[in-house]
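Following the hints, position chain U against chain Z.
Number of protein chains: 2
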Amino acid sequence: MKSEFKKISVIGLGLIGTSILHAINTKQKELVTTFAFDANSKHREIVSEMKIATFVCDKIHDAVKDADLVILAVPVGSMNSVAKSITSSLKKGATVTDTGSTKNSVINDVNPYIPTSVNFIPSHPLAGTEYSGPKSGFSSLFENRYWLIVNDKETDQTKKLANFFESLGSIVETVSAEYHDKILAITSHLPHLIAFTIVGTASDLETDLKNDVIKFSASGFRDFTRIAASDPIMWRDVFLNNSEAVLEMLQRFNEDLSDLQKAIRKKQGQKLHSFFSRTRSIRKKIIEAGQI
Amino acid sequence: MKSEFKKISVIGLGLIGTSILHAINTKQKELVTTFAFDANSKHREIVSEMKIATFVCDKIHDAVKDADLVILAVPVGSMNSVAKSITSSLKKGATVTDTGSTKNSVINDVNPYIPTSVNFIPSHPLAGTEYSGPKSGFSSLFENRYWLIVNDKETDQTKKLANFFESLGSIVETVSAEYHDKILAITSHLPHLIAFTIVGTASDLETDLKNDVIKFSASGFRDFTRIAASDPIMWRDVFLNNSEAVLEMLQRFNEDLSDLQKAIRKKQGQKLHSFFSRTRSIRKKIIEAGQI
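Here the protein sequences line up with chains Z and U, keeping their order. The first sequence begins at 1 in this note's numbering and counts up by one. The second sequence begins at 1 in this note's numbering and counts up by one.
Chain Z extracted, bound-state conformation (with noise of 0.2 Å):
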């Protein structure tokens, strides 16, 4: 499938975005020019050292002001500063999108400096891996992964965008800014708070016992602590910009935690039988879904 955007533009060089930088070069057929651009030049340097970008700029004004495409693939955190510094340059008729893991807060940081002859339409894909960075991104990063876009009506644009996703090999699908607030809080940022704090808690031991659960780390713990390897910037942003719907899910699993905590305490071996038994049918349902 080819682009419909010719100048696509590249705002911070983490993994999402020289991966979407891989993924054009790989995937497009039609001639494509990218414009790249992070605000740390070491980054900047390692991606004109790689040579996956037509032109890597020194100032952000020359990476959007060509672009039809310009993808803001900053920490959610950043996004406001980004917003407010690229609101001269865009072309008109340009559409913009992000790439941030929590959508309300991000289309209330950037959309006030959206001018009217641009088109803003914010998205997320649901990729991603413990590494960061510019040497970390990969064409193949979003292969068979959604990619939602947040808007509440089909537009020419969207269709166009919803295109461009599908030709790095996304599927793309459609959700309200809150509803993908939700889903994401339980699915990706409860998780993750999770792992970061049982693996803090491990780092928080005896010297002796925590280099001994290094050195033994069974199979759930060592995945623990590869989702909480993820870029400490990134989420911190993500809970400070998605702290209401994560706090509410986060009540649920403290409700729950309790329950099983007295479970084990008063030996109620039926009811944990029972949990855990109701939780392998919600692995089959991924499974069956094709999301693994």
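Hints are supplied without guarantee of correctness; some may be wrong.
A pair holds if it fits inside one copy or across any two, identical chains being indistinguishable in the list.
As the list claims (entries may be wrong) - Taking lysine-lysine and the DSBU-like style, the derived pairs with C-alpha atoms no more than 35 Å apart in a straight line are:
(1) Lys215 x Lys7
(2) Lys284 x Lys271
(3) Lys285 x Lys262
(4) Lys6 x Lys135
(5) Lys159 x Lys215
(6) Lys271 x Lys210
Simulated from the structure, these hints should not be mistaken for lab results.
Same frame as chain Z, but now just chain U:
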């Protein structure tokens, strides 16, 4: 490496028991006769059809009476009744071990039924998957994984047993039962409890939301559902039999989670960032320790 045990009995034909049989068949250079038993006749039938044991016995007595080594690979809640049922069948000079995930409880449950002429050496392979049952086993399960032996002093018997576990591909270490139960509480039992809880919380959501949680399960949640798909009986027994260490670690975890919850509510970005940076370093150490 060859095993000094020539007649090996495997009691319990789930993931661990059948993986031991597969591994003996694949890795043992010398002839070993294996005797297999499971209280569930369907499991015995499946193992008979798979032809992975020399003999599949319908009576536990026949499965242990000639064995040099008896391996109890049943859920820890069944160790007591299994030990009772084999006490009068064990051969003089035989070694009995187990593969249970809790060690204090297994020692209490099994020791009283071990004749003085028999050696009981508790053990635990730190290996597993989310699958269970006789068809889930495979020969490489123990490769490069720790197999912990619980024994106060090294004897000829513990050396023989360590050699056998090494012949299946494991790295053997000796620990005390108390230390084992504490390490496993944080590396395995608590992560499983948390994963069961969060997947349970998700399964209680309203139907629409729940369906979309399954559909859009981002990588965090997907990993948790894998852990939460583990065998409900095994895990019920683990929590009932290591409740003290699990509840202690759970208390520490709850304190840390409350701290992070407060930091999110109060929008304390610096606190979140420094916590998330600390957990990232634990992952690096695990990768360095080669346990990935």
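Q: Check each numbered hint from earlier against the structure, then list the numbers of those it violates in ascending order.
A: Structure breaks no hint.
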